[in-house]
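There are 2 protein chains.
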Amino acid sequence: MSRKVTAKMAKSSMAGPGRRERRRRRLGPTPRPAGGAGRGGPGRAGPGRAARTARGGMGGPRRLLLVSNSTLHGGGYLGHCQQHIKSFLGEKVKRVLFVPYALHDRDAYARTAREKFESLGYGLDSIHESCDPVEAVRKSEAIFIGGGNTFRLLKALYDNSLIQEIRKRVLEDGIPYMGSSAGTNVATVSINTTNDMPIVYPPSLQALGLVPFNINPHYLDPDVKSTHMGETREERIRQYHEEPNTPPVLGLREGAMLLVEGDKATLQGVTGARLFLRGKKPTEHEPGTDFSFLLIDSDLQNL
Amino acid sequence: MSRKVTAKMAKSSMAGPGRRERRRRRLGPTPRPAGGAGRGGPGRAGPGRAARTARGGMGGPRRLLLVSNSTLHGGGYLGHCQQHIKSFLGEKVKRVLFVPYALHDRDAYARTAREKFESLGYGLDSIHESCDPVEAVRKSEAIFIGGGNTFRLLKALYDNSLIQEIRKRVLEDGIPYMGSSAGTNVATVSINTTNDMPIVYPPSLQALGLVPFNINPHYLDPDVKSTHMGETREERIRQYHEEPNTPPVLGLREGAMLLVEGDKATLQGVTGARLFLRGKKPTEHEPGTDFSFLLIDSDLQNL
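Top line first, the protein sequences correspond to chains A and B.
Note that the UniProt record's numbering has the first sequence beginning at 1, numbered continuously upward.
Note that the UniProt record's numbering has the second sequence beginning at 1, numbered continuously upward.
Hints may be right or wrong, so weigh each one.
For identical chains, the list gives no copy identity; a pair is met inside one copy or between any two copies.
[Unchecked claim] Straight-line C-alpha distance at most 20 Å; calculated EDC-like pairs for lysine to aspartate or glutamate:
1. K264 / E172
2. K139 / E165
3. K280 / D107
4. K116 / D290
5. K281 / D105
6. K225 / E165
7. K168 / D107
8. K264 / E129
9. K139 / E286
10. K86 / E261
11. K155 / E243
12. K281 / E165
It is worth saying that the hints were derived from the structure and are not from the lab.
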């Protein structure tokens with residue numbers, strides 16, 4: 001039985017909840033994994049419920065383009081993924097709401113992003129130029145959260161009360177969400193698998209929860225020639241999975257991206273990805289891999 | 001005028017405080033820098049006061065050996081610094097209290113550390129084998145906190161209520177403190193400049209504050225041949241210094257260590273260090289550098 005059918009059956013068994021209740025059921029609480037994302041988040045759900053709601057609600061129209069890195073070596077800003085962006089946003093979207101919180105100089109960052117998006121035929125509004133960021137999200141046709149420092153970004157999303165509003169727009173209203181690097185990290189369950197330095201302290205490591213797993217952007221294979229003794233990326237992710245109830249981690253190499261359309265997730269780009277499941281050996285995946293199974297409740301994967 | 005003389009003068013100007021008050025003045029609150037270490041810590045002092053108390057109180061006998069890395073490429077566990085350890089602990093110390101919280105397998109970690117310290121002529125007790133960790137710290141002759149994941153380590157120090165007790169033993173009672181990698185990170189103002197993945201969420205990033213600055217262990221120079229687009233270590237530290245009121249950061253290369261004896265700090269090892277001050281160009285420092293100026297109130301350095 002497909003999950004869509006299951007979702008329909010579940011919906012049809014709801015005996016007439018009010019509009020607010022129906023919305024609450026679709027959107028659900030922000031996920032709060034037991035694996036160390038921390039207290040202080042807006043929701044209290046365990047990972048099972050989190051994963052179910054992060055699927056996009058009851059057959060929700062979730063659309064995500066989660067890019068590993070903003071700039072590929074030798075290319076310009078978003079150059080390596082510009083065709084994916086055009087294809088993802090399509091012709092219906094006219095303006096994109098940009099979130100520059102991950103970098104210190106927001107004006108300069110917005111200029112860079114605006115130039116790129118205008119060259120692709122889209123207008124760009126930067127959220128930091130709005131006097132009411134929540135209202136800017138409410139009015140947006142599409143959201144793009146750029147890279148930089150993930151801790152700084154997540155803290156700013158909390159400080160500006162944007163977590164629930166972005167979740168609602170993406171999971172309920174179905175506006176396209178694009179993230180790059182830190183912007184991809186915050187789209188997942190938590191930022192527990194960021195590579196960034198914790199230069200500030202967000203009220204929680206729990207993030208937007210638009211998918212029920214974590215991503216490690218800029219995934220880097222071990223350098224066999226290195227004499228440096230710091231942990232490899234794989235060792236760091238293994239340490240994360242030593243903690244209880246930690247979700248899958250998708251290591252997206254630079255040049256890779258994940259396209260999510262409803263219940264379907266596809267690996268795009270050219271460099272592939274490495275998937276880490278708690279207690280299992282990591283596996284390699286080529287571009288084109290169907291990762292839709294990662295959108296299914298992560299509890300079910302352990303059955 | 002030397003700081004010791006100043007400290008004596010300050011002490012002589014105290015008109016008969018009680019024993020508890022004298023102790024409070026010596027030990028002071030745990031530091032709480034404004035630069036993003038976060039809420040929830042045990043103290044409420046600003047960076048100025050934090051720095052003053054972290055000097056070791058009023059002429060306190062603080063003794064620290066802060067090592068960048070546990071294992072140097074091609075060598076055994078603590079092999080590259082074993083002579084420094086013997087010289088640091090001397091013949092008076094008989095047993096060392098080991099803190100293995102940064103790694104998941106504490107038993108295995110304690111075996112490794114015990115073997116090494118016994119080979120150097122010291123007994124080793126691992127704090128995780130004690131039913132009362134606070135009491136174990138109270139009775140200890142010397143403390144060694146080993147490397148691993150800094151977030152996991154700091155969370156365990158908070159969970160076991162050890163922050164204040166370790167500070168007291170080191171800053172007031174003057175027992176030797178040795179840290180390696182994560183154990184060096186937690187000796188500083190905060191773990192804002194760790195390289196580790198935030199696999200768990202500690203109640204604060206504020207750390208032991210045994211010195212009034214931060215350290216970046218395993219400091220790594222930019223690889224000019226790399227095509228990887230993740231931030232270099234220097235860029236990450238510069239991002240930290242974009243935040244307000246952030247203390248100096250000493251980048252300790254693998255093979256380097258900092259010896260602190262009271263008010264004197266000396267760079268040891270063979271690989272040197274790079275010093276980052278907010279708003280200034282980073283500077284290179286050879287082994288043997290006198291870093292005592294870093295022990296002076298970091299507010300004063302900005303005058």
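Hints versus structure:
For a Cα distance limit of 20 Å, the shortest separation of K264 from E172 inside one copy, 17 Å, qualifies, whereas the shortest one across copies, 60 Å, does not. Taking the shortest alpha-carbon separations for K139 and E165, only the intra-copy value of 11 Å comes in at or below 20 Å, while the best inter-copy value is 52 Å. In this assembly of identical chains, the alpha carbons of K280 and D107 never lie at most 20 Å apart, being 44 Å within a copy and 23 Å across copies at closest. In this homomeric assembly, K116 and D290 never come within 20 Å of each other (Cα to Cα): the closest approach is 29 Å inside a single copy and 49 Å across copies.
For the identical chains of this complex, K281 and D105 are inter-copy neighbours only, at 19 Å across copies versus 41 Å inside a copy, given an alpha-carbon limit of 20 Å. Taking CA atoms no more than 20 Å apart as the test, K225 paired with E165 passes in neither setting, with 46 Å inside one copy and 43 Å between copies. For a Cα distance limit of 20 Å, the shortest separation of K168 from D107 qualifies neither inside one copy, at 27 Å, nor across copies, at 46 Å. Neither within a single protomer nor between protomers do K264 and E129 lie at most 20 Å apart by alpha-carbon distance, with minima of 34 Å and 49 Å respectively.
In this homomeric assembly, K139 and E286 never come within 20 Å of each other (Cα to Cα): the closest approach is 37 Å inside a single copy and 56 Å across copies. Taking CA atoms no more than 20 Å apart as the test, K86 paired with E261 passes inside one copy only; the shortest distance there is 15 Å, against 61 Å between copies. Only between protomers do K155 and E243 lie at most 20 Å apart by alpha-carbon distance; the minimum there is 13 Å, versus 23 Å within a single protomer. In this assembly of identical chains, K281 and E165 lie within 20 Å of each other by CA distance neither inside one copy nor across copies; the values are 37 Å within and 41 Å between.
This entry does not satisfy hints 3, 4, 6, 7, 8, 9 and 12, going by the numbered hints stated previously.
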